[in-house]
Amino acid sequence: MRPLTPRRVFAICLALCAVLFVAVVISLRMGAYPVSVRDIVMTLVNATLRRWSEIPPDFQSIVLNIRLPRILLGILVGASLSTAGAGFQALLRNPLADPYVLGVSSGAALGAILSLLAAPHAPGLIQAAAFAGAIATIAAVYFLGRRGGQLDSGTLLLAGIITASFLSALIMFLMTTLPGRDVRGMAFWLMGDLTSPSSVDLKWLYFLLVIAVGSIYTTSSDLNLILTGEQEARHLGVNVHRVKLVVYVAASVLTGLAVSVSGAMGYVGLLVPHVMRMMFGTDYRVLIPASALGGAILVVVADTLARTVVAPIELPVGAITALAGAPVFIYLMRRRVR
Amino acid sequence: MIRAWHRRILAVATAGALLSSVAPLALATRFGAQAQSGRAITDEVGRRVTMPPEVRRIVTLAPNLTETIYALGLEDRLAGDTDYCDTPPAAKSKPHVGEPQNPSLEAIVALHPDLVLATTSINRLETADALKRLGIAVYTSNPQTVRGTLDSIARMADLVGAGGQGAALVAQLRKRLDALHARLAERPMVHVLFVVWEDPLITIGQNTFIADALRYAGAESVVLSDRNWPVLSIEEVIRLQPDYIVFTSNHTEGPATELADLRARPAWRDLDAVEMGHVVDVSEEAVRPSPGLVDAIEQLAHKVHPEVFAARDAEPLVACDARAGLKPAPTDARGERTSCAR
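Chains A and B, in that order, are what the protein sequence lines are.
Numbered as in the numbering used here, the first sequence ends at 338 without a single skipped number.
Numbered as in the numbering used here, the second sequence ends at 342 without a single skipped number.
So here's chain B without its partners, still in its complex pose (with noise of 0.2 Å):
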């Protein structure tokens, strides 16, 4: 057994060793937020933003956002994006701070931005409050309705300093939403099962921004839950028989789910939507609160509402904004016009 004496000088020993090693560099901590200066804001989630006077570099920490910042015309200022931010195909090709969830802050702070962009949709707190804390400036956006995402867009707009733009593109994507509620008002709602996941099975709950999305293109979700992302047993399923279910689909993969499929797998095969062929892909951006929701809502309208669209087959059935390069796209599998391209 050990001596008192001995044991005492052992533990000062260590101590005097684990300190020893960490105090110089715990003396080298300082976080140097540097003061700027500049008007202070409020940003969509109640935190107080410190402007800079100008906003020449800006990164996005999402996908909506990178097309917000495309739709505005604004992509020479983007410093950087998401390894996410697919849509302009051009975004793919700016330089990546990582994933939304988990963005590396040193590639961000590397960039020098003057702003970035973030979303409560995609991005955590914990990297706004992070980013905060080395002084850089972050707008969080909280957008829950299709609405909401309209004055979303204006508003960062607004922020960069490109408000003229920010209001024209906001006013353009109103119009298109009013005119589709012109054709659509008369059109009883058709029922769907929007499929965020298929395995599990989860869907869209009331609140979400897709709830509206689908509202605007006169669908309504089966699903009447307060949660945002519910999971879904296949029985709830063929109990509510939706009208339509929807798919969403990536641009360079193709539709996630073939009706071949779904005729295939047991359960679903007894459903009178996939019966009757009633599966529907969207555009990914249908999830995204952007500009591109817009074009993801017409999109549906035309894939629920057939009959509302068929007689005016000939012409371009949205309108495409030429000014933020938008032109429409190429026809889809039924022959009909109903996205935007750059």
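For reference, chain A alone in the conformation it holds in the complex (with noise of 0.2 Å):
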């Protein structure tokens, strides 16, 4: 492995992001309504310089309204949950540790049912349910992963776990017991699905992301240590305990946004970072940016598949990534183990 130089890191992020811009190319382009990549050129092109005139009305329909905020919102959600996973892994130093395994996922689930019992159609409020719902149970889970004032990997990673399934036999309850209806869009919670992009402003999601991301982005090198060892960590003058904060609340952060606006979305934040080390090198100064970017490139190019391969029927994302995703991620370990 070569040194990782600022160089390097900035090389890597910079084709990713013209991988990540050639899947916004063809995902734009592909749909049950034909568009050219020409016309979406020039639909993008005038957009940006505000000629909304010169825009026929369709394309601005399906290409600016309905294709670019799905597309956006699953770079968002596909940077949100890798960069989680990355986090999560340093955190426990575990490579099975992700963002559902820690029962996030779950909680927002059982945020969004809450707010569907309780007003059905309020605009935003399943949205903030579902974050509330992933942020208590990381922080229920956090505090039942402390032993002695310390954060134990071990314990908290069963805490994680048992959280999940307590949390998931209750929305098995409560959807099995509770009158109705209301509750049939559920499905698409526990999948994972771009199909229904919340009312929030992307903006405000963006802002979000980019801070949290920042903010785990600054403990990297501290992270590289503290997977040698919390001792040598320590005794090298790293601030385990404000690192672990940093990042823990970040990556909830991060998992409630993704969750609140995709519902759980399985197997990116645990499959992306695995991909990235085993391409780049574990170091996190180059895994961060690199989870982020990678993640918002499978995301964008399995919600392509997703509209795609029966169209006009539309898949659940969280279907495609997990489908693909599983094969992939197993030939990546196989040739590594060779």
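Be aware that a few hints might be false.
[Said to hold, decoys possible] Derived coverage of chain A by chain B (criterion: at least 3 residues anywhere in the stretch with Cβ under 8 Å from a Cβ of chain B; other residues may be distant): (1) 28-36; (2) 56-63; (3) 318-331.
In short, the hints are calculated from the structure, not lab data.
Think of the CB as a built atom: it goes at the ideal place given N, C-alpha and C, for glycine as much as any other residue.
If you follow the hints, you should be able to join the two separate chains into one complex; please do so.
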């Protein structure tokens, strides 16, 4: 492995951005309504220059108002989940850690169910409730996982797994015993789905994303040291407690963000950081940005497939990420072992 | 270990790269909900809908809505429907926009509808929200009873400028229900188990329109539940001992469950209704709040009250509306003519 230089980090990020851009253009191109790449570029250029009258109304609806917001949401969800996954894996020093193992998705789904029961038609409430559910769960797991005032990786992971199964059982209980049709949309929350984007302004979600990813990034060299051992890191002058708190809070916010707009999309937080490690090495200074971009690419591609393979029927994107993710992951893992 | 300035440069560069890849796209999003002029109405879930001056192109998001449009004779205005819309058969050749639970928004937009019809019984409210944000008028119907279904049909007909046809259709459906009521009024209610799904066994709650439809057919669900789709154990069914077991059948696939099947199944074969052969199929229309619901009600009434109708085998038992393209269906297995067909 070549030594990590800022130049190399920059080159990797640039390359991933280029791949992401290509994925976005392809995704904009695909769909039930045929649009050529030339039309897409014209539409994007005109939209950037705010020449709305130049854009045919159909393209404005389909390219700018249906496909683009969905792609932007996919980028947001993918980047959030995989950065959170990378953060949790370092924090727990466990390669299996990801937002779902820690019960966050179940917490979010429970929040969403409760809000559907309380006020089924309130706009934006379900997202807020899912976010609150995710954050509350992860806070509960955090306190359950402390042992003698210290955050213990094994205990935390166990606390997460137990909380997750408890909350799933609670969800099943609510879904089978409470009245009626309001719970019908829940399947989408449990699968991961980008078809019903929230009415929440994307700007604010991106703002939160950049802040949270940025704050995890500032701890990346400390995370490298913590991965070699907490004692060693402490001796080298790392404030382990502070770093853990920062990463835990930021990764929770990222997970809550993703789950509140898309439901529980599996595999992204686990798969992407591992693939990025296999490709670019285990140094967190490159792993964090690479995971963010890689996650964005994965979800955009997966959602494009979800929209197109059996069009006009749309699959939940979570099914695609799991279906495509597992074999790729096994292939990379076996190849590395050899 | 990396030095502080080094770290800072990296952070800035990465944030910059991340932002620069999404900023132009974020800039480009703008919801262009066209300000539409037209009358504002409130739909059946209390949402404001701005109606276009004239409705020439309609997209329906559920089978019952598609049937309603056909029954009103407005099929020329139906621009698209869903993969589930199979009644009448002509509906299958209309452009499809996906499944009712999760239709493709862009397929809907591409059809340029003036009005999209949705229903709470199968569509998600999120779909209506998303279409509304795209500047498309969506009317969501929410029928909870048979009467509510008829009112909803009249309302939708009115909405698309076919109030006359709507009133005529609803009046004719009411007349048929009244005729049925007149013949069944003296009869005791038959207790039935209405099977929505076999495994797990799911039946209907007392607040569903299906429970209401059963009452019009002189039948009553043995299960009294506030939940709309309660899951039931077979033990509970044995305890309740329904007089009849009612299944719904698809037009194309035929009866879902044969009596012989049930007689071979442990637990089921101990039911009095199964022993006596009181297992009936009704058309899938029974679970759709559409004009065809009345056909299904008549069909069910004939099957669970055969003695009432036995004397009049010779004449068609249902008055089918020729104007809506309906004629009496071929006689069923019992030799009765109990439903309408196209």
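Outcome of the hint check:
Interface restraint, the region 28-36 of chain A with chain B: holds (3 residues with C-beta to C-beta distance below 8 Å; minimum three). Taking a C-beta to C-beta cut-off of 8 Å, the region 56-63 of chain A contributes 5 residues in contact with chain B, enough for the three needed, and the coverage statement holds. Restraint check on the region 318-331 of chain A versus chain B: 0 residues with Cβ-Cβ distances below 8 Å, three needed, restraint violated.
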